[in-house]
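4 protein chains.
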Amino acid sequence: MKPTRSRLSKPMAPAVRDYTASVHYDRRLAPHDIAGSMAWARALHNGGALSDKEAELVLMGLTTIRDEIERGTFQWKADLEDVHMNIEARLVELAGDAGRKLHTGRSRNDQVAVDMRLYVKEACDQTVVRVRTLQRALLDQAEAHRDAILPGYTHMQRAQPVLLAHHLLAYVEMLERDASRFRDARARADVLPLGSGALAGTPYAVDRRALAHALGFGNVSRNSMDAVSDRDFVVEYEAAASLAMTHISRLAEELVLWSGEEFGFVELDDAYATGSSLMPQKKNPDVAELARGKTGRVYGHLMAMLAVLKGLPLTYNRDLQEDKEGLFDTVDTLNATLDVFAGMVGTMRLNTARMRATAEQGYLLATDIADYLVRKGVPFREAHRVVGELVQHAVAARKGLRELTLEEYRRFSPKFAEDVRAISVESSVRARNVEGGTSPERVARALAEARKMVEAKDA
Amino acid sequence: MKPTRSRLSKPMAPAVRDYTASVHYDRRLAPHDIAGSMAWARALHNGGALSDKEAELVLMGLTTIRDEIERGTFQWKADLEDVHMNIEARLVELAGDAGRKLHTGRSRNDQVAVDMRLYVKEACDQTVVRVRTLQRALLDQAEAHRDAILPGYTHMQRAQPVLLAHHLLAYVEMLERDASRFRDARARADVLPLGSGALAGTPYAVDRRALAHALGFGNVSRNSMDAVSDRDFVVEYEAAASLAMTHISRLAEELVLWSGEEFGFVELDDAYATGSSLMPQKKNPDVAELARGKTGRVYGHLMAMLAVLKGLPLTYNRDLQEDKEGLFDTVDTLNATLDVFAGMVGTMRLNTARMRATAEQGYLLATDIADYLVRKGVPFREAHRVVGELVQHAVAARKGLRELTLEEYRRFSPKFAEDVRAISVESSVRARNVEGGTSPERVARALAEARKMVEAKDA
Amino acid sequence: MKPTRSRLSKPMAPAVRDYTASVHYDRRLAPHDIAGSMAWARALHNGGALSDKEAELVLMGLTTIRDEIERGTFQWKADLEDVHMNIEARLVELAGDAGRKLHTGRSRNDQVAVDMRLYVKEACDQTVVRVRTLQRALLDQAEAHRDAILPGYTHMQRAQPVLLAHHLLAYVEMLERDASRFRDARARADVLPLGSGALAGTPYAVDRRALAHALGFGNVSRNSMDAVSDRDFVVEYEAAASLAMTHISRLAEELVLWSGEEFGFVELDDAYATGSSLMPQKKNPDVAELARGKTGRVYGHLMAMLAVLKGLPLTYNRDLQEDKEGLFDTVDTLNATLDVFAGMVGTMRLNTARMRATAEQGYLLATDIADYLVRKGVPFREAHRVVGELVQHAVAARKGLRELTLEEYRRFSPKFAEDVRAISVESSVRARNVEGGTSPERVARALAEARKMVEAKDA
Amino acid sequence: MKPTRSRLSKPMAPAVRDYTASVHYDRRLAPHDIAGSMAWARALHNGGALSDKEAELVLMGLTTIRDEIERGTFQWKADLEDVHMNIEARLVELAGDAGRKLHTGRSRNDQVAVDMRLYVKEACDQTVVRVRTLQRALLDQAEAHRDAILPGYTHMQRAQPVLLAHHLLAYVEMLERDASRFRDARARADVLPLGSGALAGTPYAVDRRALAHALGFGNVSRNSMDAVSDRDFVVEYEAAASLAMTHISRLAEELVLWSGEEFGFVELDDAYATGSSLMPQKKNPDVAELARGKTGRVYGHLMAMLAVLKGLPLTYNRDLQEDKEGLFDTVDTLNATLDVFAGMVGTMRLNTARMRATAEQGYLLATDIADYLVRKGVPFREAHRVVGELVQHAVAARKGLRELTLEEYRRFSPKFAEDVRAISVESSVRARNVEGGTSPERVARALAEARKMVEAKDA
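Protein chains in written order, with the numbering used here: chain U, 1 to 459; chain Z, 1 to 459; chain C, 1 to 459; chain H, 1 to 459.
Worth flagging that the hints you see were computed from the coordinates, not collected in a lab. Bear in mind that the values here come from a model prediction, so they are computed numbers and not experimental data. Positions of the beta carbon are idealized from the N, C-alpha and C atoms, including for glycine.
Listed next, the stretches of chain C that the computed footprint assigns to chain H, with coverage defined by at least 3 CB atoms under 8 Å from CB atoms of chain H:
{"#": "1", "region": "18-25"}
{"#": "2", "region": "100-107"}
{"#": "3", "region": "270-283"}
{"#": "4", "region": "320-333"}
Which chain Z residues stay away from chain C? Per the calculated CB distances, all over 12 Å, these:
{"#": "5", "residue": "Pro-11"}
{"#": "6", "residue": "Asp-140"}
{"#": "7", "residue": "Asp-419"}
Only pairs whose alpha carbons sit at most 25 Å apart, straight line, appear in this in silico DSS-like list of lysine-lysine:
{"#": "8", "chain 1": "U", "residue 1": "Lys-376", "chain 2": "H", "residue 2": "Lys-2"}
{"#": "9", "chain 1": "C", "residue 1": "Lys-376", "chain 2": "Z", "residue 2": "Lys-2"}
{"#": "10", "chain 1": "C", "residue 1": "Lys-415", "chain 2": "Z", "residue 2": "Lys-2"}
{"#": "11", "chain 1": "H", "residue 1": "Lys-376", "chain 2": "U", "residue 2": "Lys-2"}
Go ahead and model the full structure; you've got the sequences and the hints to work with.
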C-alpha cells in the first residue's frame, strides 16, 4: 500500500492511478523538489526533529537522487503518483528510517507550492533573458536601417510616412512592458510557502526565515491556508505570457504580410522559411504563422487556469494539480517563440527600397498638406475638409499629390503656394520632432536609449 | 534537402525545425493518414496517374508502413517534420519512384484535413460509447435505490424532497444531450476534403465520390478553398466536449460535497479515493476534484482554437497546425474522465438513510403546506406569505414544521386543519405527478425509458 | 415587503437590490414571459386551479400588460427585481386575487427557463434569416463576376489562380454550416421546461403536452431537476455564434487587406467606409475591423457562460442569472454584423482587373508546370524539385515563369517542350475540373446549387 | 457631412452608423476627454498654434460643455459617432473657428488613448479603496471572533482545526495581492500618449512633459506608434480583476456552503438574503451566487480583449474600439461586488458554536496523534501508517478519536500513553506556532499587522 493510503483498505483502481498520476509531467519539478527537501531536512535538523546522523543520511540520499535524475538513471514510477512520492520512496530505499522522517511536519500541499514558486521564479528570469534577446535583434535591424522610411498604417491603410527604426522600436517598447510584468510577477511569486503544512502550519520548530533564505526567497507567507491554496502566481505568469504572445502575434502578422508579394517589405532568410509539399515555388513564413497560432494556445492556458480556480473553497483541492501542464507549456511556448523570433528577425532582409517607393505612392502626405494650410492660418477642421476634397480630386484624376499642379492645388484653397510642392516624405518625417515622434533626431535618441535599456546589467 | 524545400537554398535552422515539427504528436494520425493515402493511390490508379505496377508498389509499401507503426518499429524522424512526410519518405525507400508519385495532385493541406476528419469522426463515436457507459452506471444506481428520498436543493439550500433516482436521472438527461451534440458534430465532420489539392482542387482525374465511399465519408466537400481551411469540426468537438465536461463538473461538485462529513450522502469506494501525505485520516475524492479541474482545461482548448481561427484569411495558414494538440488532449481528457466516472459512480455507496433523515429536517415541506392552503382557496401569493411567517416562527421556536402544534399553525391561518399534519416527504414527492416530475410513478417510467434509450442499438 | 420575501424580516439592502436586479435587461423577455403566463393560466384553468372568472381576469390582465409594454407605458421598477415580478405585481393590480393565483405551482425557475428557450428559438430563426441574406450578397457578387480570376493564397503567399466566384463561395459554405448549427441548436432548445416547478415538478394537474403545444414547443422536458438548471441551449447558441463570427472575421480580414493599396482588390462603397479625424485622405474599412474585434467579444461571452456553469450543483443557482446579458449581446452582435456585412458586401466594387493582373505576376503556375512534367512521366516529387529550382533561377533572373525562354526551361529538364508556354492562369483554373474545384464549369454548377440552397423555402 | 468624412462622397449608411457608433458608452470618458482637450489647448497655445483669444474661447467652451454634461443638459448625438466628435461639434458651436483649431496636431487615436489611461488609473484607485473596505470587513469579523475554532478543509474534507480568524485572514492576504496588482497596473498605465498624433507624432511644437504634468501622468510615451495601438493597460486591469473576482468567488462558494443547513456556520443578514417565488421557507445567498457567476463574466471580458488584440498589425485599428464596453463592465462589476461583499461580510452572523462542535467531530486530530508518535521517536511515515489504521478502526467502531480507550490506542502502537488523550482542538491549534501558522499567538500578531497594513495612509 502506498504511504499516503494508510486509511484506505484497497489499492487505487488502475484507471484512477492513470487519471491522477502526474509524474510524467511534474518530474520537471525534481530539481526544485530536491532543493526544497534539502532545505527542509536542514530545518528539521536545526529544530531537533532530525539527528545529525539522520540529516546526513537524508542529504546524502537526496544528493544521490539528484545525480540519478541528472544522469537519467532514476526509475520514475507512475504507481508512485507524483514527483514527491517518487523521490521520497527512493530516499527511503537509500536512507531507511531517516528517509521516513523527512515528511515530518510537511505536506505535499506546501511542498508542491514551494516547488512551483521556485519554478515560476526561474521561468520569469529565463523569459526576461529571451525578451532581451528579441529586443536586441529588433534594435540591430533598426540601427542597421536608420534612414529607411516606410508607410505607417492605420486601419491597414497607408497613413503617414515613418522611419522603419521607429516602427521596430514600437515592438521594443511592447517587449519592455512584458519584461516589467514578468519582474512584477516574479516579485509576487517570491514568497516561501514551506512550513504551512497541509493547511494550518507546521507544529515543528522550524525557522521559516532561515528556510526562505536557504531557498532564495525574499519573503515568507503570512497565512498557511492561503499559502497552500494560492496559485495567483501561475495565473500571473500566464497573463504576462498572454500579453507577450499578443505582441509577438502582432509582429508575426506584419512579417506574414510584409513577406507577401503585395507588400514585399521583407524577405525571410531561407533557414527561417518553409516550402510547400505541392507548390514548388512557395516560400512560406511558417514560423510567424505558428507563433500567431500559438498565441491562442497560451490564451487557452490562462483561461483554463482561471476556470480551475473559480469557486474553489479553502484550502487545497486536487483541482490545483491542473496548474502544471498549462504553465509548463506556456513557459515552453513563450520561450521557444522568443528564441526563434530573435533568429528570424536577426536574419531577415529588409527591402528598404520597396518600403521607400511605397511611402511615395498614395496620399500619405495629406496630413502634412493640411498642416501646411494650418500654418497659413486655416483652422484645422477647415484644412482637413479642403485636403479631403483635394484627395478626392487626385484619386479621380489618378494622380499622386506631388503630381498635382499648383493650379490644381489652388482650385481648393488660395492659400496654397509653390512651397506646398516641397512637402515630401522626408519633410513629413522630420516634422514629427516631438518626444516619441518619428523624426530622425528623436529616433536616433530613442535608439540609443533603448540600447542602453536593453543592455543594462540588471535588465 | 527535404522534398518540400525545392525552392529554398538552405536547410531549416535547428530552432525552426524544433518549432515547426509536429511529428511527436501528429503521428497519432498515422492510421488515418495511411488509409487516406491508400484511397488516394487507388484513385490515381483509376484516373490513370499510377500504373498497375506503381499502385501495387505503393499499396504494399503503405501496408508495410502500417505494420511497422503498429509493431513500433517505424523510425519517426523530427527532421521530416510531420506524419505525412515521415510516411512518404519511408514509402520512397520501399517503393522508389512509385512512392514519389503518390503526392501527385495532392497537398498536405487536403491530406491533413482528411486525416483530421477521420480522427474526429472516430473520436465522436468513442465518446458516445463512453457517455453511454456513464449513463448506465447512473441508471444502475438509480434503479438500485428506487425509493430513496433526499433533499432537492436550490441555491444550495434544501428546497423540496426528491427521489434520488430523479436526481441521478437529471445527469442522464444532460449526458443524452451531449451524445446528441457529438452525433451532430460527427455528421458535419463527415465530409471528404481530399481532392481539394492545396486550395484550388486537384487537376487529375479523380473520382471524389468513390474516394468518399472508400474512406467511409457520407459527403464530398463542395468548395476546395473552404475544404483546406475549415476547422469548424475541431471547434465543434471541443464545444461539445466543453459542455460534457461542464455536466461532469456538476456531478463532481456534488460528489465532493456529498462525500464530506457535512452531507454524508455518499461514500466513494476506497479504490476510487485517495489519502493524504500528511493527514492519516483523510479519504479524499480526488477523481471528482480532478475532473472538475480538467473542465477548465477543456474550456481552454476551445478558447485556444477559436482564437487561432479568428481573422485568418483564406486558405490554409500554418496557424492551423495548432488544431491538433488541443483536440487530442480534449478527446483524451473527456474519454478518460467518462471512463473513470463510470467506475466511480458504479462503485460508490449511497447513504440513503442519511439522505432520508436530512430530507426530514428543515423546512422542505413549506411549499406543500402553501399548496395545502391553495387547495383550501387561498391565493398562492397569500399562501406563500402565510407559510413564510409560519417558518419564521418555527425557526425562532427551533422547531421543525411537523413539530408545530395545530394551534401554532392556526395562528397563521384559520384554514389549517388536522390534515396538514399528514403532509410528509412521501406525500410531497407523490404529489409531483407530472411528466418530468419526481413522483415515484413518473420516475419509474422515466427510468424505464432512459434504460431503453441508453441500451438502444443505434445509441 | 416583496412577495418573495415572506420569511425575511428586513427589506433588501439597496446595494443588494442594485446588485441582484435584472429588470433592466431581462425585460426583453417580456413577450415570452407573458406568452408563458397566458399558457400557464390556461393550464391551471384546465386543471381546475383557476375558475373561469379568474382565468378570464388573468388573461385580460396579461393582455393589458402586453399592450402597455408595447406602447411603452408600462412602469418597470427595479425594486421588483426582474421581469417576472414586475409583470406579476402589475397583474395583481389589474386582476386582484386572481393575479395572486397565477404563480400557483410555478416557480421563477421554470418560468425563466421557458422564457429563455422561447427567446433562443426565436434568435436562432432570426440569425438563420440573416445568414441567408449575407449568403445572397456573396452569391450576387459571385454571379456578377463569373469569369474573374484572382490569386488564391496559402500562408498569405500567392499560391494558385482561382475564380473569384470560387473564393466567395467558400464563405457561402462556411455560412451554410453556421445555419445548420443554429438549426441543431434550435432543435435542442425546443423543449418545454414549464411545469417543472422550483425543481421537483408541479403538484397541480397540468397537461404539459398541451402546454408545449400552446407555446409551440416540440418536446416536453423529461426531468424537472435538469429542466430548471439546464443552460446548454444558451451555450450552444453562443458556440454557434462564435463560429459564425469566426467566419465573418476571416472575411473581414480579407476585406481589410483587399481594400488596402497593396492588394487593391476591392473598394468599399463610401457609405460603408469611414474617414480619419486627422488624416484627410483616409478611407477606412472600419466595419470590417469592428466585426473582427467583435468576434473576440462573442468568444468572451461563450467563455463566460461556460465558466458560470462549471461545477454548479443541482438545481437552480442564482449564478444562472448571468446567462442573459451575454446571450442578448451575442444575439445582437451577430445579427447586426450579418446585416451590415450583407450591405457592405453587396455594395463593394471588386477590382477584377487588378486581381487578374496580380494573378499573372509571380509564380502561381509553378504547380501546373510540375503537373506538366508529371504528365510527361516525371514522378511528382522529382517534378517538384525541378520546378523549385526553375523558380529559384527565375527569381534570381527577375523573370516571371512565362518570361523564361524554352532554353531556360530545358536547362532544368529535357522534358520541357514548347507547349509548356501554353500554361496560363486560364488553363490552370480550367484544369481543376473536379467536384469542389475552381474550374469555370464546376464553379458555375456550384453557383447554381448554392443559389438553390439559399433560396430554398425551408432554408 | 461629418468633419471626418472629407474625402468620402456619401454619408454613412444608417446600419453602419449604428454599428460603429460608440457614444452610448464612451460618453463615460467625457470628463477625461475634456481634461485632455483643455491640456491640449494650453499646449497648442504655449506652442503658438492657438492665440491667447482662441485658447480662452476653447477653454471657456470646454468648461461650458463640462457643466452641461454634469447637469445632464448636453445633447449627445449618435450621428456624431463618439464622445470626441460630440464634444468637438459642440465646441465649434460655442467657440467657432477656435474650436475648429483644437484638433490641430491631434488625432482621435492619441485622444482616446489618453482618455482610456486616465480612466484606468482612476479605476485602479477606486478598486483599491474598495479592496480595502472588504479587507476591513473581514478583519472586523476576525477580530470579533478571535478564539473561534472551526475545521480547516482540504478536498472539502475536514482536515485540521484552525482559528476562524486565520481562515478569514487568508482572504485578506488574497485581497492584498490584488491591491498590489492594481497598483502595478496603474503604474504601467501612467504614461501620457497624447502628442503621438495619428501614429507618427505631432508636428506641432508641444511640450509633452508639461502636458503629462498637467494631466497627472508620471511618464511620457517613448514611441508614438506603440502609444496609439497599445491596450496592454486594459488587459492588465482585466487580468487583475479576474484574479480579484476569483478570490471573491472562493469566498462566495464558502458563504454559500456555510449558510446551508449542512454546514450552518454562517447566517446572512436578512438584508443580504433573498427569498423564493415559490418556496416560502427559502433564505438564499443570492449575492454570493451572483458574485460567483459574475466571475465568469469578468473572465469573458479578459478573454475577449486578448482575442481582439491578437494579430493586429500596427498601428491603430478600429478593432480597438472593442476595448471599452468590456473594461467598463469589468470595473463596474468588480467594484459593485467588492461593495456588496463588504456589507454582506460585515453583517453576517458567524455560528461559532456550530463551528466548534464540527471541529470536535470526525478525525481532525489524526495528524496531531501522528506528531505525538513522532515525538516519541516513530518515523513520520510509520506514524502515518499507524494512525491511518487507528482511524480505520475508529470509523468501523463508529467512535471519535477521543472516544477510543487507551487500550484501543495501544493496539496500534505501544508508544501511546495516557497523554495522547490530552490532544485537543486547542492543543492542535496552539501547536501550529510558526510564522503563518494558526496558533492564537501567531494569529493575533497577524491580525495586528493586517490591520496596520489595511489602514496605512498610502494603502
